[in-house]
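Participant: Please arrange chain B on chain A, whose structure you already have, making use of the hints.
Residue numbers (the numbering used here), protein chains in the order written: chain A, 1 to 275; chain B, 1 to 336.
The set of hints was computed from the structure by calculation and includes no laboratory data.
The C-beta atom is built at its ideal place from N, Cα and C for all residues, glycine as well.
Where hints are given, some of them may not hold.
Here are the simulated PhoX-like cross-link-like pairs (lysine-lysine), alpha carbons at most 20 angstroms apart as the crow flies [as the list claims (entries may be wrong)]:
no.: 1; chain 1: B; residue 1: K188; chain 2: A; residue 2: K13
no.: 2; chain 1: A; residue 1: K168; chain 2: B; residue 2: K188
no.: 3; chain 1: B; residue 1: K326; chain 2: A; residue 2: K13
no.: 4; chain 1: A; residue 1: K55; chain 2: B; residue 2: K107
no.: 5; chain 1: A; residue 1: K168; chain 2: B; residue 2: K193
no.: 6; chain 1: B; residue 1: K107; chain 2: A; residue 2: K13
With beta-carbon atoms standing in for the labels, derived distance ranges [unchecked claim]:
no.: 7; chain 1: A; residue 1: T24; chain 2: B; residue 2: F145; range: 53 to 61 angstroms
no.: 8; chain 1: B; residue 1: E105; chain 2: A; residue 2: T258; range: 16 to 24 angstroms
no.: 9; chain 1: B; residue 1: K326; chain 2: A; residue 2: R10; range: 21 to 29 angstroms
no.: 10; chain 1: A; residue 1: D9; chain 2: B; residue 2: R144; range: 45 to 53 angstroms
no.: 11; chain 1: A; residue 1: D149; chain 2: B; residue 2: P212; range: 18 to 26 angstroms
no.: 12; chain 1: B; residue 1: L306; chain 2: A; residue 2: D9; range: 36 to 44 angstroms
no.: 13; chain 1: A; residue 1: D14; chain 2: B; residue 2: L306; range: 50 to 58 angstroms
no.: 14; chain 1: A; residue 1: G174; chain 2: B; residue 2: F183; range: 18 to 26 angstroms
no.: 15; chain 1: B; residue 1: R129; chain 2: A; residue 2: D14; range: 26 to 34 angstroms
no.: 16; chain 1: B; residue 1: P212; chain 2: A; residue 2: R10; range: 37 to 45 angstroms
no.: 17; chain 1: B; residue 1: E105; chain 2: A; residue 2: R252; range: 31 to 39 angstroms
no.: 18; chain 1: B; residue 1: P212; chain 2: A; residue 2: D14; range: 18 to 26 angstroms
no.: 19; chain 1: A; residue 1: Q34; chain 2: B; residue 2: R129; range: 57 to 65 angstroms
no.: 20; chain 1: B; residue 1: E105; chain 2: A; residue 2: G56; range: 17 to 25 angstroms
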Amino acid sequence: MSDNPYQNDRGNKDRSITKDGGGTLSAAQNDPRQSTGQKGEPFLIGDAMTGGYGKGPDILHGCTIAAERGEIAVIVGPNGAGKSTAMKAVFGMLNVNQGAVRLDGEDITHLSPQERVVKGMGFVPQTSNIFTSMTVEENLEMGAFIRRDDFRDTMTQVYDLFPILKEKRNQAAGELSGGQRQQVAVGRALMTKPKVLMLDEPTAGVSPIVMDELFDRIIEVARTGIPILMVEQNARQALEIADKAYVLVQGRNAHTGTGKELLADQEVRRSFLGG
Amino acid sequence: MDFLNALVAFANFVFVPGLAYGAQLAIGALGVTMIYGILRFSNFAHGDTMAFGTAITILFTTAFIGMGITFGPLPTALLALPFGIGATILLLLGTDWAVYKFYREQKASPVILVIVSMGVMFVMNGIVRFIIGVRDINFADGERFIVTARGFRDFTGLDEGLAIKTTQAITVVVAFIVMALLFWFLNKTRTGKSMRAFSDNEDLALLSGINPDWVVKVTWMIVAALATTAGVLYGLDKSFKAFTYFQLLLPIFAAAIVGGLGSPLGAIAGGFVIAFSEVTITYAWKKVLTYLLPESLAPDGLVQLLSTDYKFAVSFAILIIVLLFKPTGLFKGKSV
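Only chain A is shown next, with the shape it has when bound in the complex (with noise of 0.2 angstroms):
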């Protein structure tokens, strides 16, 4: 992957002296650059992005992506089609070497994803969204952990959204199932009190009854007025609930409309609906 010689683990699985699942986390190097928002311009917009990891290849070519207040806006495309990588790019872990994001007008580009999070932003990873050996509450409360103020108010609202985890608050979340983890992952999300909230793959791995619940009350979430960019495999589900879609083709724009219009759009059901 690099070819930093201090990361060389030579092979070592010896757990005895080392532990695993350190930091894989970098932030990107972005300069600062002068764009200003249109008027009338989603809340969080990710305009004409290109870029990729490091010095690597772009991986992004022009890529749009927006939410707007109250909305619920889904990227959706086929493996490999740069959705992770867009959303990795919103929240700064990724070199946008043209186009920029910015979040209420304001330039965001150069910030780094902990920054962005004080900004107003909140982010739920695909894979390891939680801490698995804290209790449900401990989870909500590292969550708020920026905040300084009283945050019972917000916890309480997060348990009257997810009603299973007040009932399960003080077991540790690693023994929750995969649909109460993902739960947890929003709700310590939402702790901040969160501008926009960003959900990578929220339904992965869990059974279809789940996947159903967990959509609704995404959907509840979007109602309180947050709006929401996700990222989702299961386009089909994706697209039903969207206000707003994306359809992401080797790193490009290929299709955009509301999740009505893509769900109808002939060439969006032929190339990855499945007819």
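Facilitator: Frame of chain A; chain B shown alone:
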């Protein structure tokens, strides 16, 4: 009566020393397990960190006694302990800034940090010897015994005496306080919880706004306090010698691994397991058995399984057995 005598002899030669030694190992192992859990590598410099903290504490103890400040019946070293901890905190934060920080920024794989800590170990080894020398130093003062063997015999009328050294009692009490404080800190405070979160999932901790630099700093500070306390308690109970502290690394690591690396509860349990195994296996059981067995079966030899010179073989053997059959340790080695 014979049974009581056997019990008292057992308490005097096995239980009380084992309890004190176990508490010392447990505090040492807590430090190792904190580094493992949060910074993700085994810190080979831990024994020499203990030696450094103890050396500075000894210097302050000598200075205090010179100035006529003592702690009454308690050892003066307890008054000097905070200064030893302070100096060790400075040393560890300095080491982190000068050495470990570079590797963290490189996102070096943990196995590299293990080797780096070995280098740090040699340097600290040298620093300690340079400061205080290589000889054996006894720095315990104040009242020597809480219960003397003669006093116990006169009081109970038994043949066997039970002696409890002040340092043994202090060790157990201090260990208990330290453990309670540490658990309270890790489970109840905001910083403590953020450290557990960082240990559990570093990326998510960053995304939650937890400042990794602060977590690392607090970890080193706690480790400095734990290492110095463990070192001073061990030195009070026995004596201080730079080389002995370096050797303590083995039982301490054995304790941390037996309990399950990364688990504070495991470190404590592991400390006592190792200590009691060492003491029971190297103790000459002749006296206790003579009391318990009928005269015809009384043992001729010492009934000592291993000479005390081989006590490290015990921790080493336990270490290997645990790694072979239960590599995650007693407490499943989940993250701190």
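Participant: Taking only the CA atoms, is the gap from K326 (chain B) to K13 (chain A) under or equal to 20 angstroms?
Facilitator: holds, 16 angstroms
Participant: For a C-alpha distance cap of 20 angstroms, please report whether K188 (chain B) and K13 (chain A) respect it.
Facilitator: Roughly 33 angstroms between the alpha carbons, so the hint for K188 (chain B) and K13 (chain A) is violated.
Participant: Given a hint of 37 to 45 angstroms, does the C-beta separation of P212 (chain B) and R10 (chain A) actually sit inside it?
Facilitator: violated, 25 angstroms
Participant: With a cut-off of 20 angstroms on the C-alpha distance, tell me whether K107 (chain B) and K13 (chain A) pass.
Facilitator: holds, 17 angstroms
Participant: Between E105 (chain B) and R252 (chain A), is the Cβ distance one that fits in 31 to 39 angstroms?
Facilitator: Check passed, 35 angstroms falls within 31 to 39 angstroms.
Participant: Tell me if the straight-line CA distance from K168 (chain A) to K193 (chain B) falls inside 20 angstroms.
Facilitator: holds, 19 angstroms
Participant: Within 50 to 58 angstroms: is that where the Cβ-Cβ distance between D14 (chain A) and L306 (chain B) falls?
Facilitator: violated, 28 angstroms
Participant: Is the gap between the beta carbons of E105 (chain B) and G56 (chain A) within 17 to 25 angstroms?
Facilitator: Distance hint for E105 (chain B), G56 (chain A) holds at roughly 21 angstroms.
Participant: Quickly compare the C-alpha distance for K168 (chain A) and K188 (chain B) to 20 angstroms and report which way the hint goes.
Facilitator: holds, 19 angstroms
Participant: I want to verify a distance hint. Is the separation of the beta carbons of K326 (chain B) and R10 (chain A) within 21 to 29 angstroms?
Facilitator: holds, 26 angstroms
Participant: Regarding R129 (chain B) and D14 (chain A), is the given constraint of 26 to 34 angstroms on their beta-carbon distance met?
Facilitator: holds, 30 angstroms
Participant: Between the alpha carbons of K55 (chain A) and K107 (chain B), is the straight-line distance 20 angstroms or under?
Facilitator: holds, 17 angstroms
In the structure shown, a violation is registered for the earlier hints numbered 1, 8, 13, 16, in ascending order.
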